[in-house]
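Engineer: Based on the sequences and whatever the hints tell you, model everything.
There are 2 protein chains.
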Amino acid sequence: MAAPSKPAHAEDSGSTAKRGKPTLRTIAEITGLAVTTVSRALSDAPQISLETRKRVREVADEIGYSPDRAAQRLKTGRTNVIGVLLDPHEEILGYGTSIMSGIAKALQGTAYHLIVMPNFLNKTNVEAVHYITRNAMADGLIFSRTEPLDPRVRLLSDLGFPFVTHGRTELSTPHPYVDYDNFTFAYQATKRLIAKGRRKPALISGPADFTFAGYLQHGFMTAVREAGCAYEILTGVDLDSPAGMIRDRVRQRYAEPDPPDSFMCGGEVCALATITGMSDCGLTLGREYDIVAKQTSHLLSAIQPQVETIYEDLTATGEDMGRVLLQKIGGESDVSRLQLLLCPQIPASFDAAG
Amino acid sequence: MAAPSKPAHAEDSGSTAKRGKPTLRTIAEITGLAVTTVSRALSDAPQISLETRKRVREVADEIGYSPDRAAQRLKTGRTNVIGVLLDPHEEILGYGTSIMSGIAKALQGTAYHLIVMPNFLNKTNVEAVHYITRNAMADGLIFSRTEPLDPRVRLLSDLGFPFVTHGRTELSTPHPYVDYDNFTFAYQATKRLIAKGRRKPALISGPADFTFAGYLQHGFMTAVREAGCAYEILTGVDLDSPAGMIRDRVRQRYAEPDPPDSFMCGGEVCALATITGMSDCGLTLGREYDIVAKQTSHLLSAIQPQVETIYEDLTATGEDMGRVLLQKIGGESDVSRLQLLLCPQIPASFDAAG
DNA sequence: CTGGCCATTTAAAACGTTATAAATTCAGCA
DNA sequence: TGCTGAATTTATAACGTTTTAAATGGCCAG
Chain X
1 MAAPSKPAHA
11 EDSGSTAKRG
21 KPTLRTIAEI
31 TGLAVTTVSR
41 ALSDAPQISL
51 ETRKRVREVA
61 DEIGYSPDRA
71 AQRLKTGRTN
81 VIGVLLDPHE
91 EILGYGTSIM
101 SGIAKALQGT
111 AYHLIVMPNF
121 LNKTNVEAVH
131 YITRNAMADG
141 LIFSRTEPLD
151 PRVRLLSDLG
161 FPFVTHGRTE
171 LSTPHPYVDY
181 DNFTFAYQAT
191 KRLIAKGRRK
201 PALISGPADF
211 TFAGYLQHGF
221 MTAVREAGCA
231 YEILTGVDLD
241 SPAGMIRDRV
251 RQRYAEPDPP
261 DSFMCGGEVC
271 ALATITGMSD
281 CGLTLGREYD
291 IVAKQTSHLL
301 SAIQPQVETI
311 YEDLTATGED
321 MGRVLLQKIG
331 GESDVSRLQL
341 LLCPQIPASF
351 DAAG
Chain L
1 MAAPSKPAHA
11 EDSGSTAKRG
21 KPTLRTIAEI
31 TGLAVTTVSR
41 ALSDAPQISL
51 ETRKRVREVA
61 DEIGYSPDRA
71 AQRLKTGRTN
81 VIGVLLDPHE
91 EILGYGTSIM
101 SGIAKALQGT
111 AYHLIVMPNF
121 LNKTNVEAVH
131 YITRNAMADG
141 LIFSRTEPLD
151 PRVRLLSDLG
161 FPFVTHGRTE
171 LSTPHPYVDY
181 DNFTFAYQAT
191 KRLIAKGRRK
201 PALISGPADF
211 TFAGYLQHGF
221 MTAVREAGCA
231 YEILTGVDLD
241 SPAGMIRDRV
251 RQRYAEPDPP
261 DSFMCGGEVC
271 ALATITGMSD
281 CGLTLGREYD
291 IVAKQTSHLL
301 SAIQPQVETI
311 YEDLTATGED
321 MGRVLLQKIG
331 GESDVSRLQL
341 LLCPQIPASF
351 DAAG
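For the record, the sequence lines run as chains X and L. Just so you know, this note's numbering puts 67 at position 67 of the first sequence, and the rest follows in order with no gaps. Just so you know, this note's numbering puts 310 at position 310 of the second sequence, and the rest follows in order with no gaps.
It should be emphasised that the hints constitute simulated quantities derived from the structure, not laboratory data. Treat the hints with caution; some may be incorrect.
Below, a list of computed lysine to aspartate or glutamate pairs in the EDC-like style, where the Cα atoms sit at most 20 angstroms apart [as the list claims (entries may be wrong)]: (1) X:K105 x L:D68; (2) L:K105 x X:D87; (3) X:K196 x X:D209; (4) X:K200 x X:E127; (5) X:K200 x X:E288; (6) X:K328 x L:D87; (7) X:K21 x L:D87; (8) L:K21 x L:D68; (9) L:K105 x X:E127.
All of these numbers come straight from a predicted model, not from anything done at the bench.
Structural biologist: In structure tokens form, the structure reads like this:
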């Protein structure tokens with residue numbers, strides 16, 4: 001445990017005084033102003049004369065000043081950090097990376113940093129949230145896998161701690177969210193299967209815990225009811241199931257009587273696994289059965305062009321979440337402006353005949 | 001710009017004095033000791049009597065004290081933050097998520113947080129590194145996509161700033177890294193293709209910029225040379241190419257004379273795209289051709305069991321990188337202890353006859 | 001010339017921690 | 001008794017910023 005002191009990578013070579021990282025004091029000495037004035041000038045306080053503000057900014061730029069985040073944080077209590085609760089268990093292709101890319105993009109140019117809080121040994125997600133708020137580790141929180149009565153949302157709402165969820169809840173207190181319209185997605189996707197002449201679509205839905213699973217199911221049911229056709233909701237597997245399990249389940253289902261003739265898959269992995277299972281049974285996609293799936297990367301349509309897909313742009317979602325959270329932190333109190341329901345883009349091909 | 005002051009979520013209700021988040025002062029008042037003593041006691045300084053240390057720790061635990069990171073950081077100059085340079089452009093399945101999960105696991109229980117620095121508008125990666133070191137935004141850095149003469153490595157080595165790369169360099173200054181033995185992987189994978197009776201394996205390698213591409217190539221070449229068979233290194237595409245492009249390239253290649261009869265794919269997406277391309281040409285995996293691929297998720301083998309795969313555990317890699325970086329920061333100066341070459345696990349099935 | 005008011009600038013304190021140097025206590029011993 | 005040194009504790013200052021309250025100087029009405 002050789003404890004190294006302050007980082008060694010800081011050249012020392014000064015003409016007048018010590019020359020480390022420039023601080024407010026450096027600028028103050030150069031301009032002959034007081035530290036306070038410099039601080040104010042840089043934050044464009046109206047009480048500082050326009051001329052002084054300009055001069056200070058110039059000097060600051062010249063010497064490459066950037067404020068010490070630790071000091072700011074200590075003084076103001078604001079961390080300038082946005083936390084993302086990352087779930088290691090994402091079967092959705094590129095979920096984590098895309099979302100984070102998006103958030104990072106929204107944070108570009110702001111004072112905010114993105115920090116990842118993985119949900120590991122932190123037993124439950126609620127505990128992680130508790131920990132973060134108690135220790136003031138971030139100014140805002142972003143998380144996904146939202147449940148209808150999500151306890152994290154409850155907690156954060158109670159505390160008045162800013163957050164955005166990916167997905168809606170059914171709680172009475174409205175809160176900021178960004179969500180994909182999974183109802184419309186499922187509805188359109190299922191209608192498409194029926195339009196192609198399929199008479200018994202099957203749904204592979206999300207884990208029942210999560211809100212979006214309900215929307216998927218609702219959209220699916222609405223479409224099959226409208227058409228008055230048979231349907232099935234595949235049991236025993238969901239979008240979180242590993243590919244091998246979905247594959248086996250599909251295969252097994254086909255050994256039983258009255259199998260479905262098409263699938264509405266909520267994800268790419270699910271679609272690929274389904275195709276493999278069906279193919280093992282000797283059935284060909286586009287001939288004996290069809291699939292419509294949600295796509296979040298560009299893999300599926302490249303690998304299986306036969307699958308019709310509706311694209312959900314997770315990077316854009318992340319960007320929206322970042323933006324919404326910044327607004328919330330910035331004081332926006334009209335929650336309805338902080339709720340975004342992103343509309344699925346239905347491909348033009350969906351209008352064509354089956 | 002309604003600037004909210006200090007976070008509102010902090011109950012106020014004190015009997016004796018103000019009761020906010022407990023600080024060293026709180027403990028000092030309770031125990032009747034000086035703040036300095038408390039600080040020392042909590043850091044287990046030998047100069048504080050054992051009894052005092054124990055009592056202070058008890059009180060600290062009781063009132064749920066946790067040190068203010070901002071204050072520590074301001075005072076010590078240490079940030080207790082590990083930064084990951086995340087490249088949005090990862091075609092490797094789950095790369096970002098896996099690596100980060102791993103790092104987070106290694107950081108569990110330490111004082112370190114994981115913060116993501118995406119490489120976006122920060123024009124080049126070197127500039128991002130420059131920015132991070134200049135502004136002391138982290139105590140250590142982790143990044144991937146390492147190049148033989150990686151400028152980031154150069155810069156950080158010069159500055160003496162702790163870092164770990166995923167991948168090796170060819171720079172003369174040794175530095176901490178964690179790498180997968182891609183030579184052995186490629187060598188074994190190619191040998192396997194040849195053992196299965198294939199006579200003209202093709203390699204789809206990584207982008208030429210990156211060090212690992214060279215190792216892949218070297219392993220591949222060693223195997224084909226040993227066997228004295230024909231070979232091909234597919235041009236125009238690499239592991240970063242989108243699936244659709246790889247698919248088309250493979251298809252196109254088969255329209256030309258003397259095509260390869262097997263593929264060594266460095267990634268799952270690549271393998272899937274190759275299969276699709278070949279299938280478009282009417283060729284069946286396992287019959288007209290074979291593939292051995294590197295797998296980093298569990299998707300490929302579930303979808304295409306015909307593909308023989310060698311698994312690279314990216315989460316474990318992340319964990320190793322985290323551990324190594326902590327050691328480096330902790331003062332370990334024997335670089336050779338900070339260099340890990342992870343050995344591919346060759347499946348037992350590779351020994352069986354083709 | 002005094003007093004008051006404005007615009008602008010400033011000094012001092014504080015955030016919570018750690019480092020430096022000094023103080024306190026007490027035992028051992030001349 | 002008084003001195004030395006070890007063991008333990010403490011006061012003070014500092015990190016870089018923002019906040020609060022106060023100071024400065026100019027200008028005009030009285």
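Engineer: Give a verdict on every hint.
Structural biologist: The hints, checked one at a time:
1. Only pairs whose Cα atoms come within 20 angstroms are accepted, and X:K105 paired with L:D68 is rejected, the gap being roughly 29 angstroms.
2. For the hint pairing L:K105 with X:D87, the CA-to-CA distance comes to about 13 angstroms; that is within 20 angstroms, so the pair holds.
3. Between X:K196 and X:D209, the direct Cα distance comes to roughly 32 angstroms. Violation of the 20 angstroms bound is thereby established for this hinted pair.
4. Between the alpha carbons of X:K200 and X:E127 the distance comes to roughly 43 angstroms, so the proposed pair goes past 20 angstroms and is violated.
5. At most 20 angstroms may separate the alpha-carbon atoms for a hinted pair to count; X:K200 and X:E288 meet this at roughly 12 angstroms.
6. For the given pair, X:K328 sits about 28 angstroms from L:D87 by alpha-carbon distance, which is inconsistent with the 20 angstroms threshold.
7. Of the pairs offered as hints, the one joining X:K21 and L:D87 is violated, with about 28 angstroms between alpha carbons and a cut-off of 20 angstroms exceeded.
8. Proximity of L:K21 to L:D68 is assessed by CA-CA distance (about 9 angstroms); at most 20 angstroms being required, the pair is judged to hold.
9. Restraint check for L:K105 and X:E127: the C-alpha separation of about 17 angstroms stays at or below 20 angstroms, so the hint holds.
In the structure shown, a violation is registered for the earlier hints numbered 1, 3, 4, 6, 7, in ascending order.
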